[in-house]
Amino acid sequence: MLVNLFNTVKSYGVPVTLREFLDLLNGLDQKLVFADWNKFYFLARTLLVKDEKYFDKFDRAFDIYFRGIKSMDDILKMLIPDDWVRQKFEKELSKEDLEKINSLGGLDKLLEEFKKRLEEQEKAHHGGNKWIGTAGTSPFGNAGQHPNGMRVGGKSNKGMAAKVWEERQFQNLDDSLQLGTRNIKIALRKLRKMTRTSDRWEFNLDGTIKSTAKNAGYLEIEYLREKLNDINLIVFFDVGGSMDPFVKVCEELFSAAKSEFKNLEYYYFHNCIYESVWKDNFRRNENRIPTQSILSKFSKNHKILIVGDASMAPYELTNSGGSIEHWNDESGEKWLKKIQSYFYKTAWLNPVHQDHWDYTSTIRMVSGLMDQKMFPLTIGGISEAVGFLSKRN
Amino acid sequence: MKFQGTKQYVATEDLKIAVNAALTLEKPLLVKGEPGTGKTMLAVEVAKALGMRLVEWHVKSTTKASQGLYEYDAVSRLRDSQLGNEKVSDIANYIKKGKLWDAFTADERVVLLVDEIDKADIEFPNDLLQELDRMEFYCYELDQTIKAKHRPLVIITSNNEKDLPDAFLRRCFFHFITFPDRDVLEKIINIHIPKIKKKLIKDSLDTFFEVRKVPGLKKKPSTSELVDWLKLLVSDDLAQEILTSKQSNLVPPLYGALLKNEQDVELLQRLAFMAKRDS
Chain B
1 MLVNLFNTVK SYGVPVTLRE FLDLLNGLDQ KLVFADWNKF YFLARTLLVK
51 DEKYFDKFDR AFDIYFRGIK SMDDILKMLI PDDWVRQKFE KELSKEDLEK
101 INSLGGLDKL LEEFKKRLEE QEKAHHGGNK WIGTAGTSPF GNAGQHPNGM
151 RVGGKSNKGM AAKVWEERQF QNLDDSLQLG TRNIKIALRK LRKMTRTSDR
201 WEFNLDGTIK STAKNAGYLE IEYLREKLND INLIVFFDVG GSMDPFVKVC
251 EELFSAAKSE FKNLEYYYFH NCIYESVWKD NFRRNENRIP TQSILSKFSK
301 NHKILIVGDA SMAPYELTNS GGSIEHWNDE SGEKWLKKIQ SYFYKTAWLN
351 PVHQDHWDYT STIRMVSGLM DQKMFPLTIG GISEAVGFLS KRN
Chain X
1 MKFQGTKQYV ATEDLKIAVN AALTLEKPLL VKGEPGTGKT MLAVEVAKAL
51 GMRLVEWHVK STTKASQGLY EYDAVSRLRD SQLGNEKVSD IANYIKKGKL
101 WDAFTADERV VLLVDEIDKA DIEFPNDLLQ ELDRMEFYCY ELDQTIKAKH
151 RPLVIITSNN EKDLPDAFLR RCFFHFITFP DRDVLEKIIN IHIPKIKKKL
201 IKDSLDTFFE VRKVPGLKKK PSTSELVDWL KLLVSDDLAQ EILTSKQSNL
251 VPPLYGALLK NEQDVELLQR LAFMAKRDS
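Line by line, the protein sequences give chains B and X.
Each residue of the first sequence is one higher than the last, beginning at 1 in the working numbering.
Each residue of the second sequence is one higher than the last, beginning at 1 in the working numbering.
Since the hints were derived computationally from the structure, they do not count as laboratory data.
Owing to the predicted nature of the structure, the values given are computational and were not obtained by experimental measurement.
Fair warning: there could be bad hints in the mix.
Claimed, not checked - Computed cross-link-like contacts, EDC-like style, restricted to lysine to aspartate or glutamate with a CA-CA straight-line distance of at most 20 Å:
#1 X:Lys96 with B:Asp206
#2 B:Lys210 with X:Asp73
#3 B:Lys391 with X:Asp73
#4 X:Lys64 with B:Glu251
#5 X:Lys219 with B:Glu251
#6 B:Lys10 with B:Asp63
#7 X:Lys219 with B:Asp63
#8 B:Lys210 with X:Asp166
Working from the sequences, and respecting the hints, build out all of it.
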């Protein structure tokens, strides 16, 4: 039965391995929790999920799994231990109800009756006053009105574990969501990843002293990887027009990148990169920087990140003179390809939701120009892009 | 042996289960959560509640995994050898035991707190895989394997500054301390400031949740800030009306205890100004 839980959780994209599953079985074996869905949910979450960003996925998977159990007709035929039923009973019934039960012959009798009727009953039943089913006045079933009725499956009004995971309170930790003020910090961390791949070496004083001492006084020089941020990042931001709805996200990404990379180079463009870009949005007409000079100024090792929605009229991309602001001799397509082929690593971050990419033809075209290295501007997308950028050639 | 929370520490159901799972199945427990939700306190309180000794290892950006095991002080040995000190013949004199060594060789089961593991280098957790999994390590200088007599209860906290490697995560249980809801907060306040008035709790919590709801705050105030703020309010003996009166509701009194970032303070003041202008 629990293998299904494992498979459901896995199929929802939570990275679980057999090892964690065995832990869970072991935990149940050691009676960490017993006959309590709420506690079982907490235990399963503690043991199976290793990052809060998967909590939401786990909650959904658990819900599906749990519903599966609830809807199984077989559950009625499962042998339910008396203790469990009794515990559930006492939890859900008030004192008055308990007294009434006593008037009917006590809990034991009710349980006995319940089991007897289970055996007698052969098909699903709704209404009526004897059989177990829904909306009846029999003491057994769901949504009934009998004061000491016993609920079988279905949704309870109180104390049922389902509540905890149905709330989906971890939704905004899910990394496939768009960036938010809160999540930007996590994205920053992803960017930081690429800063420790320096291959420069520096003299290690402590290490040298230590190894010289170990070496009985003969000098032994040690070197150490330099901690300097060796990665140079150039970011191109699309501004204006269709990018306006995404201003906040881009701002956040920018400030994150800026604080992380001291030698961050950034340029702005509108819709598509042509022969010139600019650094100051207020003086964009006077202070233009030729794109060609960027290509000759920076080494091929620079990592390029282009942030834009890539949504424009196709001619803006493909035709010379296609730009809506000025006359461009060479098409945007050519310039993008130039950048992409000059630098070793170029990635495109697109704030448009990935599901909508197929509706805009230029998104597909740009993605093609970028060798499919277009990623959504989400936490997950950024970390993918960063992963691609930081990989050695 | 089960952890049920203590008088000073309100443990939610899921936290209790996580701690007990780590205790019973003898796996390290990784605790994450917003700053100020009591991650480090957890280890202290678990140790207190279970009557176990607490071994604390506070990780810094310069901390190396091997420092937790042991350090070989080669420099003093070199010095001693030149001074002709007799100690020099025994290498054990120059092995400085680390926190893990301490926890492993303890005669009774202890709680080992590895605090803020994300502060260290990105490779740090990887260097501790075997040690935390098998609870043993090898000391080359002494040619000896240090094995845990009793597997300690390991509690690891992280502020999410760096992602931890998968291989490491797989060896831990994971608990995320969510921000407490109103009821739990009230309990926490009552524990920390016993003589506080009911009315003040209610009003301050209203204000507190208002502030937390302000969009765009760089650092939302959390439990520890709330408690500090309330202590201030109580000690200042501010009239309760101040909290509820309309004027001060916009920017809470003594907001410095709640907001730790001047940009946040500015944001709040700006919002307050706009609210005033609208009304």
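To see whether the hints hold, each was checked on the structure:
no.	hint	in the structure
1	X:Lys96 with B:Asp206	holds, 17 Å
2	B:Lys210 with X:Asp73	holds, 8 Å
3	B:Lys391 with X:Asp73	violated, 38 Å
4	X:Lys64 with B:Glu251	violated, 36 Å
5	X:Lys219 with B:Glu251	holds, 18 Å
6	B:Lys10 with B:Asp63	holds, 14 Å
7	X:Lys219 with B:Asp63	violated, 32 Å
8	B:Lys210 with X:Asp166	violated, 33 Å
Consistency note: the structure conflicts with the earlier hints numbered 3, 4, 7 and 8.
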